[in-house]
Amino acid sequence: MGTFRLPLFTSYYKEIPKDKDSLFFRRLPVEVLDNSSLGYLYQVTNPENHKFIEEAFKLGSTFYNTQGDESFPQGAHNIARHRDFVDNMARVLGIETFAGLRILEVGCGPGHLLKLLKDEGADVMGCDPGPYGHFAKEHLGIEILQKTFDADLIESGLLRTGHFDLVINFALLDLLSDPVSFLKLSKDLLKINGNIVCGVRDFEPYLKLGNPLGINPEHQYYFTSKSLSYIFELAGLSNIKILSSQYGLGLVATGSRPVADILTTSEDKAFPKSNEQLRSTKEMKSPRIEGLHDGYFSRTNQFVNRLQNRLMNLMNKNLAIMGGNLDTANLFALLNFDNVNTRIFEQDHQYVGKFIPGVSEPIFHDDLIDEFQPDEVWIMPLGFCDKIETNLRKKYSIQVPMVKMNSAPSSEVLIES
1 MGTFRLPLFT
11 SYYKEIPKDK
21 DSLFFRRLPV
31 EVLDNSSLGY
41 LYQVTNPENH
51 KFIEEAFKLG
61 STFYNTQGDE
71 SFPQGAHNIA
81 RHRDFVDNMA
91 RVLGIETFAG
101 LRILEVGCGP
111 GHLLKLLKDE
121 GADVMGCDPG
131 PYGHFAKEHL
141 GIEILQKTFD
151 ADLIESGLLR
161 TGHFDLVINF
171 ALLDLLSDPV
181 SFLKLSKDLL
191 KINGNIVCGV
201 RDFEPYLKLG
211 NPLGINPEHQ
221 YYFTSKSLSY
231 IFELAGLSNI
241 KILSSQYGLG
251 LVATGSRPVA
261 DILTTSEDKA
271 FPKSNEQLRS
281 TKEMKSPRIE
291 GLHDGYFSRT
301 NQFVNRLQNR
311 LMNLMNKNLA
321 IMGGNLDTAN
331 LFALLNFDNV
341 NTRIFEQDHQ
351 YVGKFIPGVS
361 EPIFHDDLID
371 EFQPDEVWIM
381 PLGFCDKIET
391 NLRKKYSIQV
401 PMVKMNSAPS
411 SEVLIES
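Numbering (our numbering), first residue to last: 1 to 417.
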């Protein structure tokens, strides 16, 4: 088991709140379990944390949600993520076009992903309890049910069983306390041989490295390709296929509703739903990922200690951090940056001038990194480390040591005093 105190990063802040008790400064307790019988990491449900998460999303007018809204359109990074997910859906499904397909996206936000599918000729619909329904309808021409996705939508006739060719979700499944029941309900909405497609973050590189920076107070599960496949099996899906995203660090999974499938009943209790059940489950067997989970939490201590040792040797020097993301917010929560002149840089103009929770300096554009004259660079996004390093060395001729978070950091610092 690992326990961390981490910031809540539901959005980028346009300015630092003056209220010192605000969510910007708050660090939430996060307890993560390695459940051996289930074969993946599970985050213990914390009702207090959920209160703060709900509060953060209600404040959408003062924060910029990463999916985009009326006042702040999508940035280049999220446009690329959505385009990549659509391309990967086509790859994993083995199709050339989405034209003519009836598609439901659960957790669709303002509908930007659905817009890409609509432009390809799909008949699209969204479901999301958030405040973005009016934006999707007025600006994108997409219908969104502004309701929680549950069986009541079927019983009330708002959604019909056997109606959709595809039910999709993106960056959602790892936030759910009961992903199997969610997938079963999604399966009921499919035509026979229809498909569920989901995209989640791939946590396997974090497990291998002992890297705790991807842990998120919002999440409930941390999937790898094997544990994600197991979840799909428990939901009764067939023809399961999983591939790695071509952009960043993600997994795209699909499974079909089998011909002999029957609708899910309320008595179906194949999946444990409480923290107590998840701690005690013994009867469920799953394919373990050899060596990845074993010793993960001891490796996280080593990972953090090595980075802290590097910081001790960077006192009164300049440290550039590439990537204003969740991992960076966690980095500032877990390490002591006192007396290290630190600045965060991003390639995407979308995030420049914004703040990430707990960090008092705004994000700068990477065009200014040469002017900053860093003594060392830390590259945060695991899926882009090599690309960012190449860009920094070629475009800006930066030759100082670079620590890439996609490999185990050394505690040694190679710069001269």
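Possibly wrong hints are sitting among the right ones.
Stated by the list, open to error - Cross-link-like lysine to aspartate or glutamate pairs, in silico, EDC-like; alpha carbons within 20 Å at most:
1) K191 x E218
2) K115 x E138
3) K226 x D178
4) K14 x D34
5) K241 x D21
6) K51 x D21
7) K241 x E204
8) K208 x D34
9) K241 x E218
10) K137 x D123
11) K137 x E96
12) K317 x E361
13) K208 x D178
14) K395 x E371
15) K147 x E54
16) K137 x E120
17) K191 x D123
18) K387 x E361
19) K387 x D367
20) K147 x D178
21) K394 x E361
22) K118 x D150
23) K394 x E371
24) K137 x E155
25) K241 x D165
26) K317 x D375
27) K191 x D150
28) K395 x D367
29) K354 x D19
30) K208 x D294
31) K51 x D178
Please keep in mind that the hints were generated in silico from the structure rather than gathered at the bench.
### Message
For a C-alpha distance cap of 20 Å, please report whether K118 and D150 respect it.
### Response
Since the Cα atoms of K118 and D150 sit roughly 24 Å apart, the hinted pair is violated (cutoff 20 Å).
### Query
Taking only the CA atoms, is the gap from K394 to E371 under or equal to 20 Å?
holds, 16 Å
### Message
Just to be careful, I want the Cα atoms of K241 and D21 compared with a cutoff of 20 Å; is the pair within it?
### Response
Judged against 20 Å, a Cα distance of about 45 Å means the pair is violated.
### Pair hint outcome, K147 versus D178 [Cα-Cα no greater than 20 Å]
holds, 18 Å
### Message
Against the 20 Å threshold, does the CA-CA distance of K14 and D34 hold or violate the hint?
### Response
violated, 36 Å
### Query
Quick one, are K208 and D178 close enough, alpha carbons at most 20 Å?
violated, 26 Å
### Query
CA of K241 to CA of D165, is that 20 Å or under?
holds, 17 Å
### Given hint D123 paired with K191 - CA-CA distance at most 20 Å
OK: K191 and D123 at ~15 Å, within 20 Å.
### Query
Given the proposed pairing of K395 with D367, does the C-alpha separation stay at or below 20 Å?
OK: K395 and D367 at ~9 Å, within 20 Å.
### Query
Are K137 and E155 close enough, with their CA atoms no more than 20 Å apart?
With a Cα-Cα distance of about 24 Å, the restraint between K137 and E155 is violated, given a limit of 20 Å.
### Query
CA of K137 to CA of E120, is that 20 Å or under?
holds, 18 Å
### Task
Would you check the hint for K317 and E361, treating anything up to 20 Å between C-alpha atoms as holding?
Answer holds: K317 to E361 is near 16 Å, not above 20 Å.
Consistency with the previously given hints fails for numbers 1, 4, 5, 9, 11, 13, 18, 21, 22, 24, ordered from lowest to highest.
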